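**Student:** Sequence:
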Amino acid sequence: MSEIVTRFAPSPTGFLHIGGARTALFNWLYAKHVGGKFLLRIEDTDRERSTPEAVEAILDGLRWLELDWDGDVVHQFTRVERHREIAMRMLASGNAYRCYCTPAELTEMREKQRLAGLPPRYDGRWRDRDPSEAPNGVAPTIRLRATQEGETLIDDKVQGKVVFPNKDLDDLVLLRSDGNPTYMLAVVVDDHDMGVTHAIRGDDHLTNAARQTQIYQGLGWDVPIWAHIPLIHGPDGAKLSKRHGALGVDAYRAMGYLPEALRNYLVRLGWSHGDKEMFSQDEMIAAFDLSAVGRSASRFDYARLENMNGHFMRATDDAALFQQFLKTLPYLAGGPEMAARLDEAKLAQIRAAFPGLRERAKTLVELVDGAQYLFAHRPLAIEPKAEDVLAKGGRLHLKMLLPRLTALAEWSAATTEAVVRAYGEEIGAKLGTVAQPLRCALTGRTTSPGIFDVLSVLGRDESLGRIADQAI
RNA sequence: GCGCCCAUCGUCUAGCGGUCCAGGACGUCGCCCUUUCACGGCGAAAACACGGGUUCGAUUCCCGUUGGGCGCGCCA
1 MSEIVTRFAP
11 SPTGFLHIGG
21 ARTALFNWLY
31 AKHVGGKFLL
41 RIEDTDRERS
51 TPEAVEAILD
61 GLRWLELDWD
71 GDVVHQFTRV
81 ERHREIAMRM
91 LASGNAYRCY
101 CTPAELTEMR
111 EKQRLAGLPP
121 RYDGRWRDRD
131 PSEAPNGVAP
141 TIRLRATQEG
151 ETLIDDKVQG
161 KVVFPNKDLD
171 DLVLLRSDGN
181 PTYMLAVVVD
191 DHDMGVTHAI
201 RGDDHLTNAA
211 RQTQIYQGLG
221 WDVPIWAHIP
231 LIHGPDGAKL
241 SKRHGALGVD
251 AYRAMGYLPE
261 ALRNYLVRLG
271 WSHGDKEMFS
281 QDEMIAAFDL
291 SAVGRSASRF
301 DYARLENMNG
311 HFMRATDDAA
321 LFQQFLKTLP
331 YLAGGPEMAA
341 RLDEAKLAQI
351 RAAFPGLRER
361 AKTLVELVDG
371 AQYLFAHRPL
381 AIEPKAEDVL
391 AKGGRLHLKM
401 LLPRLTALAE
411 WSAATTEAVV
421 RAYGEEIGAK
431 LGTVAQPLRC
441 ALTGRTTSPG
451 IFDVLSVLGR
461 DESLGRIADQ
471 AI
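Throughout the first sequence, residue numbering follows my numbering, covering 1 to 472 in sequence.
No lab work stands behind these hints, which were simulated from the structure alone.
Predicted, not measured: the structure shown is a model, and the values here were computed from it.
Incorrect hints may appear among the rest.
Computed beta-carbon distance windows for the label pairs [stated by the list, open to error]:
1) 426 x 235: 45 to 55 Å
2) 432 x 412: 15 to 25 Å
3) 327 x 360: 35 to 45 Å
4) 303 x 330: 58 to 68 Å
5) 378 x 426: 20 to 30 Å
6) 73 x 447: 57 to 67 Å
Capping the alpha-carbon separation at 20 Å, the derived lysine to aspartate or glutamate pairs in EDC-like fashion look like this [unchecked claim]:
7) 276 x 301
8) 430 x 453
9) 239 x 193
10) 276 x 306
11) 399 x 425
12) 362 x 344
13) 32 x 81
14) 37 x 277
15) 399 x 306
C-beta atoms are modelled at their ideal positions from N, C-alpha and C, and glycine is treated no differently.
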């Protein structure tokens with residue numbers, strides 16, 4: 001039995017967007033599931049649009065998502081000679097021919113077809129023309145001599161059997177007039193040469209599968225097993241475009257999502273395994289299967305992603321999550337500013353506050369936000385809601401509490417708690433009545449980790465100072 | 001315009017002819033827990049797009065309608 005090989009083949013014209021990330025994930029998962037290989041190929045035959053920055057962004061995105069590929073990255077551009085060779089072979093065997101149409105001529109042709117209500121397709125005007133009629137000074141393209149009769153069958157792992165009438169598949173360009181291959185030729189040649197057995201990609205390629213099948217047939221090569229997965233739409237159901245939530249995966253990192261959470265979210269978009277929602281890495285690999293991939297497009301839902309992220313954050317142990325947090329800090333919204341102010345002492349404080357912080361955070365960014373009170377300078381900026389609490393009797397409690405806390409011989413969560421509770425009982429108030437004003441004075445907000453932990457982490461001087469700032 | 005794909009709660013989905021007055025998850029709304037928030041627990045509202053068939057019986061099969069999507073480049 002031969003080894004199964006999948007691949008992810010993005011074109012480096014921009015960042016790794018969320019749809020591409022899922023395609024990569026599915027390919028990676030399938031390869032892992034069957035113990036095969038997952039390859040990475042950069043489709044950069046279009047030299048005009050490809051940029052090294054985009055290549056780097058894609059690799060960076062994949063690495064962040066922890067989707068490791070086997071072997072070296074293949075740059076399609078480096079394989080032009082082989083592509084040309086194959087184009088020539090097709091020419092020699094009669095499976096391709098030279099077309100001397102100019103771009104302007106083709107545009108005009110399509111324009112006429114559109115006006116006449118016909119499908120825009122190359123009309124094959126050079127298909128059977130004698131080469132001696134070739135005009136001077138026009139560099140030809142090489143076109144596939146596509147089969148015109150019958151139909152082409154795609155036996156797809158997720159779409160099932162799909163039939164395309166051959167009359168709708170025109171003679172596509174294999175080699176451009178400048179001698180460079182088109183995507184259609186390059187994918188076929190590279191997938192073949194790289195031993196790709198399974199092509200898992202977005203279903204926007206479904207029609208291409210039929211066209212590429214004809215190229216494979218012309219070459220006498222085995223057609224890979226296809227699996228066209230449904231696309232992801234924006235939250236509003238519209239196509240995911242640049243202006244519609246098609247962010248690069250780096251944006252998700254900046255929003256504080258964990259790679260394992262994003263992976264879990266993505267895999268459940270279009271794929272399911274009974275009622276199971278959360279998967280560990282191993283579970284996902286073991287359970288993943290192309291046959292359980294659905295055929296309808298799905299919408300991107302941040303609420304669900306966020307929920308999953310919270311789940312994974314809670315499932316990660318304290319030390320590991322702290323490390324993850326520090327590692328990701330420079331990429332997070334508001335992170336660089338915090339990182340710049342991170343000295344030994346601050347680091348120790350965050351570490352101490354971390355268990356309380358992580359409990360209520362659903363993203364890494366919420367961790368940054370939750371830790372703000374550690375970085376604030378006196379006198380603190382008080383949020384409106386917090387000011388409200390202070391104004392409605394809160395300051396009086398602080399005034400009463402201040403001397404008692406000041407008198408404390410030992411400063412800890414336990415000792416401060418004892419004092420605050422005792423005071424609460426004295427005045428016959430629920431703990432919240434006293435705790436909220438404290439929280440507001442200490443953090444400037446109405447929400448924070450447990451107030452005694454805050455007191456403890458902030459330390460005696462800073463705590464008493466902040467309380468004094470607000471006490472009557 | 002032509003070809004192809006899709007269609008279960010707001011969202012992601014389970015369902016592969018009877019077990020479905022349709023199950024889970026997120027979100028929403030109550031209640032509980034509580035030191036705020038978050039977590040957790042309990043509960044509620046919420047869907048088979050429509051019309052024809054096939055069948056003893058359709059959410060499940062077929063056809064059509066409607067609504068979405070994708071493709072139709074010397075882009076990938």
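**Student:** Take the hints in turn and mark each one as holding or not.
**Tutor:** Comparing the hints with the structure gives:
no.: 1; hint: 426 x 235: 45 to 55 Å; result: holds, 52 Å
no.: 2; hint: 432 x 412: 15 to 25 Å; result: holds, 21 Å
no.: 3; hint: 327 x 360: 35 to 45 Å; result: violated, 21 Å
no.: 4; hint: 303 x 330: 58 to 68 Å; result: violated, 27 Å
no.: 5; hint: 378 x 426: 20 to 30 Å; result: holds, 28 Å
no.: 6; hint: 73 x 447: 57 to 67 Å; result: violated, 46 Å
no.: 7; hint: 276 x 301; result: holds, 18 Å
no.: 8; hint: 430 x 453; result: holds, 19 Å
no.: 9; hint: 239 x 193; result: violated, 34 Å
no.: 10; hint: 276 x 306; result: holds, 17 Å
no.: 11; hint: 399 x 425; result: holds, 16 Å
no.: 12; hint: 362 x 344; result: violated, 26 Å
no.: 13; hint: 32 x 81; result: violated, 32 Å
no.: 14; hint: 37 x 277; result: violated, 26 Å
no.: 15; hint: 399 x 306; result: violated, 40 Å
In summary, the structure is inconsistent with hints 3, 4, 6, 9, 12, 13, 14, 15 from the numbered list given earlier, while agreeing with the others.
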